[in-house]
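Asks: Below, each chain spelled out in residue letters.
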Amino acid sequence: MDKAIVKLENVSFSYGKNKVLEDVNFSIEEGDFVGIIGANGSAKTTLLKLMVGLLEPDKGAVYLMGKAIKDFKDYKSIGYISQNVRHFNPMFPATVKEVVGANLNTSRNFFERSRKKEEEKIYKALEIVEMGQFMDKKIGKLSGGQKQRVFIARALINKPKILFMDEPLVGVDLNSQDKFYSLMEKLNKEYNITLVMVSHDIGVITEKVNRILCLSRGRVYDHKPDQTICFDMLKEVFGNKMNILIHRH
Amino acid sequence: MFSYEFMQKSFIMGIMIALIAPTIGYFLVLRRQSIVGDALSHVALSGVAFGMITNFYPVYTAMVFSIIAALGIEGLRKKFENYAELSLAIILSAGIGLASVLISLGNTQGILSYLFGSLALITDQDILLVIMLGIIIFLTVILFYKSLFYMTFDEESATLAGIPTRPINLFFSILVALTIAISMRIVGILLVSSLMILPVAASLLIANSFKAGIIYSNIFGLISVIVGLTISFYLDLAPGGTIVLSALIILVIIILLQYFRSKITKPA
Numbered sequence: 001m002d003k004a005i006v007k008l009e010n011v012s013f014s015y016g017k018n019k020v021l022e023d024v025n026f027s028i029e030e031g032d033f034v035g036i037i038g039a040n041g042s043a044k045t046t047l048l049k050l051m052v053g054l055l056e057p058d059k060g061a062v063y064l065m066g067k068a069i070k071d072f073k074d075y076k077s078i079g080y081i082s083q084n085v086r087h088f089n090p091m092f093p094a095t096v097k098e099v100v101g102a103n104l105n106t107s108r109n110f111f112e113r114s115r116k117k118e119e120e121k122i123y124k125a126l127e128i129v130e131m132g133q134f135m136d137k138k139i140g141k142l143s144g145g146q147k148q149r150v151f152i153a154r155a156l157i158n159k160p161k162i163l164f165m166d167e168p169l170v171g172v173d174l175n176s177q178d179k180f181y182s183l184m185e186k187l188n189k190e191y192n193i194t195l196v197m198v199s200h201d202i203g204v205i206t207e208k209v210n211r212i213l214c215l216s217r218g219r220v221y222d223h224k225p226d227q228t229i230c231f232d233m234l235k236e237v238f239g240n241k242m243n244i245l246i247h248r249h
Numbered sequence: 250m251f252s253y254e255f256m257q258k259s260f261i262m263g264i265m266i267a268l269i270a271p272t273i274g275y276f277l278v279l280r281r282q283s284i285v286g287d288a289l290s291h292v293a294l295s296g297v298a299f300g301m302i303t304n305f306y307p308v309y310t311a312m313v314f315s316i317i318a319a320l321g322i323e324g325l326r327k328k329f330e331n332y333a334e335l336s337l338a339i340i341l342s343a344g345i346g347l348a349s350v351l352i353s354l355g356n357t358q359g360i361l362s363y364l365f366g367s368l369a370l371i372t373d374q375d376i377l378l379v380i381m382l383g384i385i386i387f388l389t390v391i392l393f394y395k396s397l398f399y400m401t402f403d404e405e406s407a408t409l410a411g412i413p414t415r416p417i418n419l420f421f422s423i424l425v426a427l428t429i430a431i432s433m434r435i436v437g438i439l440l441v442s443s444l445m446i447l448p449v450a451a452s453l454l455i456a457n458s459f460k461a462g463i464i465y466s467n468i469f470g471l472i473s474v475i476v477g478l479t480i481s482f483y484l485d486l487a488p489g490g491t492i493v494l495s496a497l498i499i500l501v502i503i504i505l506l507q508y509f510r511s512k513i514t515k516p517a
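Going line by line, the protein sequences match chains A and B. Each residue of the first sequence is one higher than the one before, starting from 1 at the first, in my numbering. Each residue of the second sequence is one higher than the one before, starting from 250 at the first, in my numbering.
Incorrect hints may have been included.
Claimed, not checked - Here are the simulated DMTMM-like pairs of lysine to aspartate or glutamate, each with C-alpha atoms no more than 25 Å apart in a straight line:
#, chain 1, residue 1, chain 2, residue 2
1, A, Lys73, B, Glu254
2, A, Lys189, A, Glu130
3, B, Lys460, A, Glu118
4, A, Lys141, B, Glu405
5, B, Lys328, A, Glu56
6, A, Lys17, B, Glu330
7, B, Lys327, A, Glu130
8, B, Lys327, A, Glu56
9, A, Lys49, B, Glu404
10, A, Lys49, B, Glu334
11, A, Lys49, B, Glu405
12, A, Lys138, B, Glu405
13, A, Lys70, B, Glu330
14, A, Lys121, A, Glu185
15, A, Lys117, A, Glu56
16, A, Lys121, B, Glu334
17, B, Lys460, A, Asp136
18, A, Lys138, B, Glu334
19, A, Lys117, A, Asp71
20, A, Lys59, B, Glu405
21, A, Lys17, A, Glu30
22, B, Lys327, A, Glu22
23, A, Lys208, A, Glu190
24, A, Lys70, B, Glu334
25, A, Lys141, B, Glu330
26, A, Lys17, B, Glu323
27, A, Lys73, B, Glu334
28, A, Lys76, A, Glu22
29, A, Lys159, A, Glu127
Please keep in mind that the hints were generated in silico from the structure rather than gathered at the bench.
Bound conformation, chain A alone:
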């Protein structure tokens, strides 16, 4: 219980009359790599936003790092990569350095130039994701996978304890997906960062994470690493039209 870094107690949430989450209870512990899966519209993003406090639950309580979400102010300890970052205009005039540095000294003014120390921090964060040489490139000119890494670097710059990612792999090619997962492993194991990731791609994610939260009809089903995911559950989550094929490699 003490190790719980995120905790949801009886959380319900609705958009108008449409109840999307009902009595959700779970906790995420330090060091977990959690995958949140579910069909389109199963409120995966909503759940993520509730965890970080971008949305308030109608009922129930959310705790982040042991604090009620309303009192949580230690913004540096969390990293968040929203789905929206993918939708920015490729013409947006910003360099990789500006984007990653956005999370540092948010009160800095126009004329203060970034100090050497800051530049080093930015470079270090970019090095973790192997993007150091792209510091001065325009963000819109990078590929999907590269952009993704820049956003991860931005989230990493304050050395967070937990990283929340909303569908980080949409628009990223297969090769970059492999790189992405090895990066995640590095962050999880070497840097001790707890990872929470929303994905609709159940195939790959189930192999990589150590916990799966399955969202279905407003409820959350929790699977530990050593349990195989119940196929009936998957059918329920993804609808009855799903065929389950089991491959042996």
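Position chain B relative to chain A; hints supplied.
Replies: Just chain B now, with coordinates in the frame of chain A:
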């Protein structure tokens, strides 16, 4: 041309507006709210008409009307989250509807000068207002530069970085409203939003960083106003129109330059 007092005033006012409008426009365009300028300027028109009927100084009533509308847009934006542009269309319709009713009500013959801008009517009061507004806007952008950048790029993450996005958004909306109300003296209600958008569009084509983008927008705004005012003086043309056309020509030149450069660098 500077021997005329009204031209001196026009240039002071014009240069201030040339710096204010593209700065505010830069953030609007990048947040995909470039139509906000149009919506608010239509409301400003009803404010002008209201001022003329009630004998208040129309610039003041336009300011009040557009601030209310700007706050209305912020409010509606939350109601129609998935159709954010709908809130703009609603405010725009309300503004133009109210304006046409008010114009038909009373003594509003002077309204043309507000629609297309006019140099002869600039008062000392206008100059004082534009200088004050300019100071507020520049201080805001300078002091909140990083927050504004973060919010423009990714508002959700900015909120989670601890930036007070809501109050900054509200304050920014008010600045947009004030910019429109004061800029309409020279460029006119119908052309205000063009001066907020065109220099920015040109800047986006060449800027590689956020900071460079703001600086280019301001430079293009300044060139448009200086060239536009000079041409309008010598050829006796409407100042708003010449300013906006100058901004458009800058944009076209940059598009053409880019086109030819890509032709040269990419051998067939």
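Asks: Hint by hint, work out which the structure violates, then give me just those numbers in ascending order.
Replies: 1, 7, 15, 16, 18, 19, 21, 24, 25, 27, 28
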